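Enquirer: Spelled out from the first residue to the last, the chains are:
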Amino acid sequence: NAGVTQTPKFRILKIGQSMTLQCTQDMNHNYMYWYRQDPGMGLKLIYYSVGAGITDKGEVPNGYNVSRSTTEDFPLRLELAAPSQTSVYFCASSRDGGNQPQHFGDGTRLSIL
Amino acid sequence: EDQVTQSPEALRLQEGESSSLNCSYTVSGLRGLFWYRQDPGKGPEFLFTLYSAGEEKEKERLKATLTKKESFLHITAPKPEDSATYLCAVLGGNTGKLIFGQGTTLQVKP
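Protein sequences appear in the order of chains A and B.
Each residue of the first sequence is one higher than the one before, starting from 1 at the first, in our numbering.
Each residue of the second sequence is one higher than the one before, starting from 1 at the first, in our numbering.
Treat the hints as calculated values from the structure; they're not laboratory data.
These numbers come from a predicted model, not from an experiment.
Just so you know, even glycine gets a beta-carbon here, dropped at the ideal spot from N, CA and C.
Be aware that a few hints might be false.
[To be verified] Simulated restraints on C-beta separations:
| id | chain 1 | residue 1 | chain 2 | residue 2 | range |
| --- | --- | --- | --- | --- | --- |
| 1 | A | Lys9 | B | Thr105 | 19 to 27 Å |
| 2 | A | Asn28 | B | Pro40 | 25 to 33 Å |
| 3 | B | Ala53 | A | Gly98 | 15 to 23 Å |
| 4 | A | Ser84 | B | Lys42 | 23 to 31 Å |
| 5 | B | Ala77 | A | Gln17 | 36 to 44 Å |
| 6 | B | Ser7 | A | Gln17 | 35 to 43 Å |
| 7 | B | Glu1 | A | Pro8 | 45 to 53 Å |
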């Protein structure tokens, strides 16, 4: 049972480049989330989706975009990468947005130089 | 504003030395408090959900408790394999979003 799968695991970008972080889940969960985790800080919500075709901003959305064309996939797009976006990015999913636990992937470690 | 603070930031224990991790929170309308375990290079792994003050949950050497202002994760007779970062998160009624604390990094030495 794969759960939440994120690719790539590591990536180095140059300032101004763009890239897409991939996330897919096989649990048929409606809700999906993108977080970033910086050293000594809690996970911060970037964007979330309550179902295919529906997305909304989280706490720190600037510099990112998302789309949700299928239940399974929730890619995160970085346009014009900046050093401040160096972080570890986690995708998560949950059955609903209530008090069901979120299940996380193993993250993408992104460095922008 | 919903807020979660975990203490201590880091904790070193000898194998078998029991202790507790603290998660203090302020939230409007708590819908759930979650504990996660995170190993280096991995994503958070779900441990417990607590819904109301007085509730307790147990799993192996871990026991989570909840009051109206804080939660404790008690670790009884820890083993080296319990070494990890433990994350606390609250789900508030107003925002419907998880707010995470910064985590407590536990190291258990044999």
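Enquirer: Look at each hint and say if it fits the structure.
Expert: Taking the hints in turn, this is what the structure says about them:
1. Lys9/A <-> Thr105/B: 19 to 27 Å: holds (22 Å)
2. Asn28/A <-> Pro40/B: 25 to 33 Å: With Cβ atoms ~30 Å apart, the hint holds.
3. Ala53/B <-> Gly98/A: 15 to 23 Å: Holds, since Ala53/B and Gly98/A (Cβ atoms, about 19 Å apart) stay within the stated range.
4. Ser84/A <-> Lys42/B: 23 to 31 Å: At roughly 24 Å between Cβ atoms, Lys42/B and Ser84/A fall inside 23 to 31 Å, so the hint holds.
5. Ala77/B <-> Gln17/A: 36 to 44 Å: violated (50 Å)
6. Ser7/B <-> Gln17/A: 35 to 43 Å: holds (39 Å)
7. Glu1/B <-> Pro8/A: 45 to 53 Å: At roughly 35 Å between Cβ atoms, Pro8/A and Glu1/B fall outside 45 to 53 Å, so the hint is violated.
Figure legend: structure checked against the earlier numbered hints; hints not met, in rising order: 5, 7.
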